[in-house]
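Participant: Hey, can you work out the whole structure from these sequences and the hints?
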Amino acid sequence: MSPKQLEDMYDAVIVGAGAAGLSAALGLLRSEAIRELKDQGLDPKILVISKLQPLRSHTGSAEGGIAASLGNIDRDDWHWHYYDTVKGGDWLVDQDAAELLAREAPATVIRLEHDGVAFSRTEDGHIAQRRFGGHTADFGGEPVRRAAYAADRVGHQILHSLWQQCVAEGVEFAEEWYVTDLVLDAGRTHVSGVVAYDTRNGETHAVHARNVMLATGGAGRLFRTTSNSWDLTGDGMALALAAGLQLEDAEFVQFHPTGLAHTGILLSEAARAEGGVLRNADGEAFMARYAPGHADLAARDVVSRSIMAEVDAGRGVADPKDPDGPKDCVWLDMTGIDKDHMEAVLPQVVETIRDYANIDPSTQYVPVKPTAHYTMGGIPITTEGVVYRWLREDGSDPTAARHRRVPVKGLFAAGECSCVSVHGANRLGGNSLLDACLFGTRAGETIAARIAENPVAQAELEGSDPLADDPYADLVDEATKERKAMIADLLAPIDAGDDADADPLGNAAAADENAAADGNPYALMAKLGAIMDRAVAVRCDANSIATALNALTGDLVPHVADLHAHSDSKVFNQELVAILEVRNLAMLAVTMLTATAARHESRGSLKRLDFPDRDDEKFLAHSMTDRAAEVSWQPVHIADYPPKTREY
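Quick note: the sequence shown uses this note's numbering, first residue 1, plus one each step.
What the hints contain is simulated information worked out from the structure, not anything from laboratory work. No residue lacks a Cβ here, since even glycine has one placed at the ideal position from N, Cα and C. Check the hints yourself; a few may be wrong.
To be verified - Quick list of simulated restraints, FRET-style, between CB atoms: (1) Ser569 / Gly71: 49 to 59 Å; (2) Ile494 / Thr645: 57 to 67 Å; (3) Glu32 / Glu460: 52 to 62 Å; (4) Asn550 / Leu391: 53 to 63 Å; (5) Lys644 / Ala118: 36 to 46 Å; (6) His114 / Glu203: 50 to 60 Å; (7) Glu203 / Glu393: 58 to 68 Å; (8) Asp640 / Glu460: 43 to 53 Å; (9) Val167 / Asp355: 45 to 55 Å; (10) Thr645 / Ser362: 38 to 48 Å.
Facilitator: Structure follows, in structure tokens:
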């Protein structure tokens, strides 16, 4: 569905309709500030813009669980969850944010239950919980069952429940709209709205808003081997970069250890929580060597690196579908799990293995390898969801000048596209759904307080024109005009007299196969993913980073800039959207590699072979990288847990 008519001015526009965006909408509408407005007869004007129909959002793919110290099975304490989150992030976690995450986790899960999430249950009716990697009792002691789950479909449950609650609250959605521009003032201090392309009819809309929230998800499609769906092309992060903002800790990308061989499809950590074991070519359960006491349920970065170490040592296995291919996998042994229990608590994992590998996991080993899964970095935000810039207080040498956080008024973010830094250098399993729901709700509540100060409905009631009174309105209109012209150029028919080599159709006149590929956004996206896989998947060094940067800036980026749509149709022209997406990915890839090159250490998910050790003296700091490839450093907030050696 789409709005029959856009409002002249919105109180708030939320971009993205996954767990973070829907939680923000509910947090906003259920807040005390909005309830008081409604009691006065003033309804807030809210719009949720979604690239997809909301129930197709990637939140629905989350399988394993959501972390909270409910203590329903094992004795637990939120302080232990707090510590595990800091340790799991290799001390790059802002501890004020991690404390909030752990303390508010139980209330967040209970709120989800009240909203209709059908969690699996214990025999006495409480929410069931399972083990997840890196979650312990007594500050790093024995593993603890902390992840609340709904079989292996908890994301599906959460997404559907939140969406249903939003429908009940009367939330207005603009579905299958693609936001192309985030519009800020010239000083990048104030948001004025967004530009959005309606893929169903080809119309480009100026959407004026006093508050904008970005909740667009991650950027897994930077890599060819990824668990992420096709739509996770880093749109929110790219919108921020293009608008002149920074990304925080862009170099940290989590690779989930158990992607189904050569598909990237995720096999949930729940498979190991229920008794699955990783084995090398010799049949050895090798994780006991790398992480004594935690073994297969060590933190994800530890397990991924351990798998690659086994492969490098010649103890990898080939995918049975390609027995003569590279031995770059290991086995996931689930044969020790009772078959009926497996079917009951891991139905999606079992179905995936059978459908995509033609393997019965109750009797056969399953080939797995690490797959790009989660972006720890993103748009920098406060614990209230406010987007900020990290700026020098004066114009002196950036290595000497003091910096400070400068908020962008009216701009918010939450979920995987953002970085409140509760994940640091490596996210613990179960903390991503928690992050999205908890900080999405908090951002919504913060937006509600801003709306209450100056609601659009109040201005209209008093007879004034909110759009005419907005000093930034012209900026949105001008950006929309420019975007319409750009889209028109992309859709305009190619002049038959143009140079044959520039023909994006790759016709007989331009018979070179590479030229055809260079005019195909999907081929370029695959090429970009292959470059990133080779450069920074699980491990990297200065040479691999430099090689990738040269390949991007010298070859791929120019071809991306030259892309042109094959069809002039405006209606459901998916290639047009793909062109915009690959432009976003190319920009993000350069930014990610720039940040990676600047961090001369190994920490969490970032393993640099040329700088193998963690360096707290120089790099206990968040990288802040802009589109111009300038990197500055923001200190980590250390409160209760000083850095120490991270061992599992």
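Participant: With reference to the structure, classify each hint as holding or not holding.
Facilitator: Against the structure, the hints:
no.	hint	verdict
1	Ser569 / Gly71: 49 to 59 Å	holds (57 Å)
2	Ile494 / Thr645: 57 to 67 Å	holds (60 Å)
3	Glu32 / Glu460: 52 to 62 Å	violated (23 Å)
4	Asn550 / Leu391: 53 to 63 Å	violated (31 Å)
5	Lys644 / Ala118: 36 to 46 Å	holds (40 Å)
6	His114 / Glu203: 50 to 60 Å	violated (39 Å)
7	Glu203 / Glu393: 58 to 68 Å	violated (44 Å)
8	Asp640 / Glu460: 43 to 53 Å	holds (48 Å)
9	Val167 / Asp355: 45 to 55 Å	violated (31 Å)
10	Thr645 / Ser362: 38 to 48 Å	holds (39 Å)
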